[in-house]
Amino acid sequence: GDSVTQMEGPVTLSEEAFLTINCTYTATGYPSLFWYVQYPGEGLQLLLKATKADDKGSNKGFEATYRKETTSFHLEKGSVQVSDSAVYFCALSDKQGAQKLVFGQGTRLTINP
Amino acid sequence: ETGVTQSPTHLIKTRGQQVTLRCSSQSGHNTVSWYQQALGQGPQFIFQYYREEENGRGNFPPRFSGLQFPNYSSELNVNALELDDSALYLCASSLPGQGTRGELFFGEGSRLTVL
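Residue numbers (this note's numbering), protein chains in the order written: chain L, 281 to 393; chain H, 239 to 353.
These are computed hints drawn from the structure, not numbers from a lab.
Incorrect hints may appear among the rest.
[What the hints assert, rightly or not] Have a look at the derived ranges for each label pair, beta carbon to beta carbon:
| no. | chain 1 | residue 1 | chain 2 | residue 2 | range |
| --- | --- | --- | --- | --- | --- |
| 1 | L | Lys336 | H | Glu320 | 41 to 49 Å |
| 2 | L | Glu288 | H | Pro308 | 39 to 47 Å |
| 3 | H | Asn315 | L | Asn392 | 38 to 46 Å |
| 4 | L | Gln376 | H | Asn268 | 13 to 21 Å |
| 5 | H | Leu353 | L | Ser338 | 43 to 51 Å |
| 6 | H | Thr252 | L | Asn339 | 38 to 46 Å |
| 7 | H | Leu305 | L | Asn339 | 44 to 52 Å |
| 8 | L | Pro393 | H | Arg301 | 46 to 54 Å |
| 9 | L | Glu349 | H | Thr258 | 45 to 53 Å |
| 10 | H | Ala276 | L | Ser363 | 24 to 32 Å |
| 11 | H | Asn315 | L | Glu349 | 40 to 48 Å |
| 12 | H | Glu291 | L | Pro393 | 45 to 53 Å |
| 13 | L | Ser359 | H | Asn317 | 46 to 54 Å |
| 14 | H | Thr252 | L | Glu296 | 48 to 56 Å |
We put the CB at the ideal spot given by N, CA and C, even for glycine.
Take these sequences, add in the hints, and give me the full structure.
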């Protein structure tokens with residue numbers, strides 16, 4: 281079945297550092313890809329999405345590009361802030377049937393001032 | 239503020255008991271999904287309801303059941319609780335349109351501990 285694999289955490293960076301969180305997927309069709317974020321004490325929130333190959337999703341300075349050839353959707357940010365500390369989840373959704381999301385295991389990110 | 243509210247926020251049950259978790263969807267959203275998130279793991283899809291009918295189910299046994307009401311609120315029921323059912327249960331609402339597929343609005347969850 282479909283699956284998502286994220287880089288192991290936790291990840292600790294200093295403020296203004298460059299961030300990459302790797303995500304690769306396995307899917308039988310052409311899924312849509314997502315990054316969700318879970319801030320402390322809050323529910324999961326959609327951060328960005330891409331629905332087809334070569335699409336780039338972006339939001340709040342974060343970017344991710346749908347790479348079909350490498351089945352990847354890596355999350356990047358050029359300069360992280362303390363407020364970016366959260367757990368990040370990569371996810372995919374197939375385009376048929378129920379709106380089911382398949383999530384990776386999550387990557388906890390801590391940004392130190 | 240996503241507008242999805244869940245209750246209770248925390249609860250403790252013993253093995254063999256039954257539990258009901260509740261969810262109010264974001265206004266205008268007629269699709270609701272439930273996910274189970276074990277500690278340190280990503281959420282896993284339990285099932286989805288659209289217009290009061292189940293229209294998709296993950297790899298969970300029949301003792302996990304649900305309801306969706308005409309006002310789009312929802313319940314998750316788990317019978318014969320097992321220790322492994324201890325987790326954060328997330329409710330998510332969404333619109334059914336293709337353009338918003340996968341864009342879910344999550345509540346903060348109900349944390350269930352089974353002793």
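Report task. Take the C-beta atom of L:Glu288 and the C-beta atom of H:Pro308, compute their distance, and say whether it sits inside 39 to 47 Å. Result -> For H:Pro308 against L:Glu288, whose Cβ atoms are near 45 Å apart, the range 39 to 47 Å holds.
Query raised in the report: Lying within 46 to 54 Å: is that true of the beta-carbon distance L:Pro393 to H:Arg301?
Result: holds, 47 Å
Query raised in the report: Can the suggested window of 46 to 54 Å be confirmed for the beta-carbon pair L:Ser359 and H:Asn317?
Result: Since the Cβ atoms of L:Ser359 and H:Asn317 sit about 50 Å apart, the hinted range of 46 to 54 Å holds.
Query raised in the report: Is the distance from the Cβ of H:Glu291 to the Cβ of L:Pro393 consistent with 45 to 53 Å?
Result: Holds: the Cβ-Cβ distance is about 50 Å, inside 45 to 53 Å.
Query raised in the report: Are H:Asn315 and L:Asn392 spaced within 38 to 46 Å by their CB atoms?
Result: With a Cβ separation near 43 Å, H:Asn315 and L:Asn392 satisfy 38 to 46 Å, so the hint holds.
Query - L:Glu349 paired with H:Thr258, Cβ distance criterion 45 to 53 Å - result: With a Cβ separation near 47 Å, L:Glu349 and H:Thr258 satisfy 45 to 53 Å, so the hint holds.
Query raised in the report: Does the Cβ-Cβ separation between L:Gln376 and H:Asn268 fall within 13 to 21 Å?
Result: holds, 19 Å
Report task. Could you say whether the range 44 to 52 Å given as a hint is met by the Cβ separation of H:Leu305 and L:Asn339? Result -> violated, 34 Å
**Report entry** Assessment of proposed distance window 43 to 51 Å (beta carbons of H:Leu353, L:Ser338)
**Finding:** holds, 45 Å
Requested in this report: Could you say whether the range 38 to 46 Å given as a hint is met by the Cβ separation of H:Thr252 and L:Asn339?
Outcome: holds, 43 Å
Query raised in the report: In this structure, is the beta-carbon distance linking H:Ala276 and L:Ser363 contained in 24 to 32 Å?
Result: holds, 27 Å
Requested in this report: Given the range 40 to 48 Å, decide if the beta-carbon distance of H:Asn315 to L:Glu349 lies inside it.
Outcome: Holds, at about 44 Å.
Against the hints set out earlier in the document, a violation occurs for number 7 only.
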